[in-house]
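Use the sequences and the hints to build the structure in full.
Residue numbers (our numbering), protein chains in the order written: chain A, 41 to 151; chain B, 90 to 201.
No lab work stands behind these hints, which were simulated from the structure alone. The beta carbon of each residue, even a glycine, is placed where N, CA and C say it ideally should be. Mixed in with the good hints there might be a few duds.
Said to hold, decoys possible - Residues on chain B that point at chain A, a partial pick, calculated with CB under 8 Å:
{"no.": "1", "residue": "Phe99"}
{"no.": "2", "residue": "Met130"}
{"no.": "3", "residue": "Gly131"}
{"no.": "4", "residue": "Leu132"}
{"no.": "5", "residue": "Leu134"}
{"no.": "6", "residue": "Tyr137"}
{"no.": "7", "residue": "Gln174"}
{"no.": "8", "residue": "Val177"}
{"no.": "9", "residue": "Ala184"}
{"no.": "10", "residue": "Asn187"}
{"no.": "11", "residue": "Pro189"}
{"no.": "12", "residue": "Gln190"}
{"no.": "13", "residue": "Phe192"}
{"no.": "14", "residue": "Asp194"}
{"no.": "15", "residue": "Gly195"}
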Amino acid sequence: GIQVEQSPPDLILQEGANSTLRCNFSDSVNNLQWFHQNPWGQLINLFYIPSGTKQNGRLSATTVATERYSLLYISSSQTTDSGVYFCAVLSGYSSASKIIFGSGTRLSIRP
Amino acid sequence: NAGVTQTPKFQVLKTGQSMTLQCAQDMNHEYMSWYRQDPGMGLRLIHYSVGAGITDQGEVPNGYNVSRSTTEDFPLRLLSAAPSQTSVYFCASRAQGNQPQHFGDGTRLSIL
Numbered sequence: 041g042i043q044v045e046q047s048p049p050d051l052i053l054q055e056g057a058n059s060t061l062r063c064n065f066s067d068s069v070n071n072l073q074w075f076h077q078n079p080w081g082q083l084i085n086l087f088y089i090p091s092g093t094k095q096n097g098r099l100s101a102t103t104v105a106t107e108r109y110s111l112l113y114i115s116s117s118q119t120t121d122s123g124v125y126f127c128a129v130l131s132g133y134s135s136a137s138k139i140i141f142g143s144g145t146r147l148s149i150r151p
Numbered sequence: 090n091a092g093v094t095q096t097p098k099f100q101v102l103k104t105g106q107s108m109t110l111q112c113a114q115d116m117n118h119e120y121m122s123w124y125r126q127d128p129g130m131g132l133r134l135i136h137y138s139v140g141a142g143i144t145d146q147g148e149v150p151n152g153y154n155v156s157r158s159t160t161e162d163f164p165l166r167l168l169s170a171a172p173s174q175t176s177v178y179f180c181a182s183r184a185q186g187n188q189p190q191h192f193g194d195g196t197r198l199s200i201l
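Structure below.
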């Protein structure tokens, strides 16, 4: 099955810094989402981005489907950005319901 | 619009007990899924459904049963709880096609 790898596994930054999180996938995808899991465990949908670039405030994401990767950019980090960031992909139509998660990037923003 | 609702939020069981985790969505989504998340790890797919009356296994189905009698509900059953099933369980739904997935807030389950 498709493999999803996220890097780096852990990232510690000072408030105000910028960061780039990466998601590599081993096969073509029809669907890619970025989620933020906050310290309370809730999964917050950040972007639905199977291809192209989207921006929402300080966050933006780019997926280059032909090269099988996606990037999540966080600018001017705030302590509330702390948590774990997951990418999740859906590949193929025969397993249309199977969305596979990467292992996540744990982001810690120091005040 | 409630989205995806999971109950209970917390549960403690003894080994060998059975229980059902409830999941309901009010978005008329065809696809529903159950995941478990163990400490420090990503989410792993347990079972999923592409519509009422249709279910299939995910990556880690052993020890769990599901059914989908209605579009709205997708309960997850533990027939005989084991300590290895201590985890946080998430239910998710999405519309047909390449649509984003929506998650419930999770159920924290501890098996003693």
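Have a go at the Tyr137 of chain B hint: is there a Cβ in chain A nearer than 8 Å to its own Cβ? With Cβ-Cβ at 4 Å, under 8 Å, it holds.
Hint check: 8 Å Cβ-Cβ cutoff, Phe99 of chain B to chain A: The hint is violated - Phe99 of chain B has no Cβ within 8 Å of chain A, the shortest such distance being about 11 Å.
Does the closest beta carbon of chain A sit nearer than 8 Å to the beta carbon of Asp194 of chain B? holds (6 Å)
Would the stated hint for Asn187 of chain B survive a check requiring a Cβ distance to chain A of less than 8 Å? holds (5 Å)
Does Leu132 of chain B meet its interface restraint, that is, does its C-beta lie within less than 8 Å of any C-beta in chain A? holds (4 Å)
Given hint Gly195 of chain B near chain A, where the shortest CB pair must fall under 8 Å: Holds. Min distance 6 Å.
A closest beta-carbon separation below 8 Å is what the hint needs, so does Leu134 of chain B meet it against chain A? holds (6 Å)
Under 8 Å, Cβ to Cβ, is where Gln190 of chain B needs to be relative to chain A, so tell me if that hint holds or is violated. holds (6 Å)
Holds or violated: the hint that Met130 of chain B contacts chain A, with Cβ atoms closer than 8 Å. Because about 6 Å separates Met130 of chain B from the closest Cβ in chain A, which is inside the 8 Å limit, the hint holds.
Tell me if the interface restraint on Phe192 of chain B is satisfied: Cβ within less than 8 Å of some Cβ in chain A. holds (4 Å)
Hey, does the Val177 of chain B contact hint survive, CB to chain A under 8 Å? holds (6 Å)
Holds or violated: is there a CB of chain A closer than 8 Å to the CB of Gln174 of chain B? violated (17 Å)
Of the numbered hints stated above, those contradicted by the structure are hints 1, 7, 9, listed in ascending order.
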